[in-house]
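Asks: Okay, here's what each chain looks like letter by letter:
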Amino acid sequence: MVNQRGDMTPQFDRPPKVTFAFTETCNQECRHCYADCRRKGKRRELSTAEWLKLIDYLAENGVIQTYIEGGEPLHRPDFLKILRHISRRMMTLLRTNGTLIDAAMARRLKRAGVGHVLVDLMGCRAETHDWFAGVAGSFTRASAGIRNLVEAGVKTDVLTILNKRNASEMQPILDLAHGLGAERVGVLRLYPLGPVKHRWRDLALSLDEQMVAIASLKPPAGLKLMQSWHPRDRNCCWQSATVNAYGDSIGCPYLREYVNFGNVRDTPFMEIWDQDPLYRTLRAGEVESSCATCDANEGSRGGCRSAAYAFRGRWDAADPFCPTVNDGVDLRVLPDWIFQAKPRAAT
Amino acid sequence: MSFPTGSFRRSRGLRLRPLPEREVCLVYVPKRPNLYTLNATAWMILELCRGQPLKDLQAEFYNNIEPLMSRQEAADYVLACLNDFVQKLIVEVVPAAKLKTTGRRGS
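Going down the list, the protein sequences come from chains L and A.
The letter at position 298 of the first sequence is residue 303 when you use my numbering, and the numbering goes up by one with no holes.
The letter at position 96 of the second sequence is residue 128 when you use my numbering, and the numbering goes up by one with no holes.
There could be a bad hint or two in this list.
[To be verified] With a straight-line cut-off of 20 Å between C-alpha atoms, the simulated SDA-like cross-links for lysine to any residue are:
1) L:K160 with A:T69
2) A:K63 with L:R94
3) A:K87 with A:D116
4) A:K63 with L:V155
5) L:K169 with L:R204
6) A:K120 with L:E188
7) A:K120 with L:R93
8) A:K63 with L:E156
9) L:K115 with A:L121
10) A:K120 with L:R94
11) L:K160 with L:R112
12) L:K160 with A:V61
13) L:K169 with L:W205
14) L:K115 with A:G45
15) L:K160 with L:R113
16) A:K120 with L:G158
17) L:K347 with L:R204
18) L:K115 with A:L67
19) L:K86 with A:G45
20) A:K63 with L:R89
21) L:K160 with A:R64
22) L:K86 with A:P62
23) L:K160 with A:P65
24) A:K63 with L:G158
25) L:K115 with A:L46
26) L:K160 with A:K120
27) L:K45 with L:L105
28) A:K63 with L:G118
To be clear, the hints were calculated from the coordinates, so they are not data collected in a lab.
Working from the sequences, and respecting the hints, build out all of it.
Replies: Below you can see the structure in the form of structure tokens.
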């Protein structure tokens, strides 16, 4: 549908769900980090007061769910205060490396009203996971974190990012997660963002290798597997809203290097949501081609916009992570422009 | 399950977010944190829950939905829906006597 402005109409007047890329600080030194996190922030992150004010504003504008990620959210000392403030009015999903969640912290999270916690495991054994995390002992602490959350009665999932170094451990990760009490495992794609793009050659699998790895997985009874390859390649942009640690409105965490629609310190979030032309275009969900099976399953067209832009340099291109519309894109090879400080495809 | 004597009202702290674009309503239950998606029919029943007993709710729902459902179908639908709502803490059952005493109504 074309509206009076002449652009495609986004599906929602107001966002029901928002992601907070809450901090770019972290207690780990992950080789697969998308945000280039440090122990201390590189710039001035939103203060506690700024987050609280933003949360109130978003609640008043109809936001009913927040997904909180980092960096490592628990690395910021004000996280529990922020969480308590959100959880009174919004469902919360927290993505964490799990290493800071001892039994007492798990109980605090429960009392603070956290809805769901998602813990990253990059391998089924310490050698693999700790290589990615860059800190010895991370695997043991993350596994304990999952166990502590489950024991505290917090719904807990495991997330992992499929790549060359851990592909053979996907099934054992599922089994391990089930044994630790997780309800679901999400197998995620590797994105060329942050430091990981400089290790792309060592970590990236071909699409065929990825599809074989996904197809071979057999989740144990009672464990749900989540994945976003064909036939479940979705275009989330129609409802995406993300504010990063510095107040930038970036649509989706996976768009963090490609877009900045405006800063909530300067412009009210809803003004950015309503008025940025690219943001509106992305939310309208119009793409040049798409996979009918993925469309039918996910109710959206064209797959992930970040992957489409990274590999094809166009916002309306089809996502090459779906074999139906891959059209010969080699996912092991990145375009040169991706390595620029502020990557922008040639138009 | 049946609720012969209770009355029904929305749980305290419940937050609703209608999505008219999709003809559904999101419901957040902070008491046991979860987010549910209600279809238009379930959403209508939730909107009707203002402290009435089952029979009144069934009658109100039927008045809104007929002729798409028969009276019996409407009654069964309300019962199944309330059962689901109570399990998910979306709706709470209040003894009729308590409602009369306190005069409280659902938010």
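Asks: State for each hint whether it applies.
Replies: To see whether the hints hold, each was checked on the structure:
no. : hint               : in the structure
1   : L:K160 with A:T69  : holds (18 Å)
2   : A:K63 with L:R94   : holds (11 Å)
3   : A:K87 with A:D116  : holds (17 Å)
4   : A:K63 with L:V155  : holds (18 Å)
5   : L:K169 with L:R204 : holds (11 Å)
6   : A:K120 with L:E188 : holds (18 Å)
7   : A:K120 with L:R93  : holds (17 Å)
8   : A:K63 with L:E156  : holds (19 Å)
9   : L:K115 with A:L121 : holds (17 Å)
10  : A:K120 with L:R94  : holds (17 Å)
11  : L:K160 with L:R112 : holds (12 Å)
12  : L:K160 with A:V61  : holds (15 Å)
13  : L:K169 with L:W205 : holds (10 Å)
14  : L:K115 with A:G45  : holds (17 Å)
15  : L:K160 with L:R113 : holds (14 Å)
16  : A:K120 with L:G158 : holds (16 Å)
17  : L:K347 with L:R204 : holds (18 Å)
18  : L:K115 with A:L67  : holds (16 Å)
19  : L:K86 with A:G45   : holds (19 Å)
20  : A:K63 with L:R89   : holds (13 Å)
21  : L:K160 with A:R64  : holds (11 Å)
22  : L:K86 with A:P62   : holds (16 Å)
23  : L:K160 with A:P65  : holds (10 Å)
24  : A:K63 with L:G158  : holds (13 Å)
25  : L:K115 with A:L46  : holds (18 Å)
26  : L:K160 with A:K120 : holds (15 Å)
27  : L:K45 with L:L105  : holds (17 Å)
28  : A:K63 with L:G118  : holds (8 Å)
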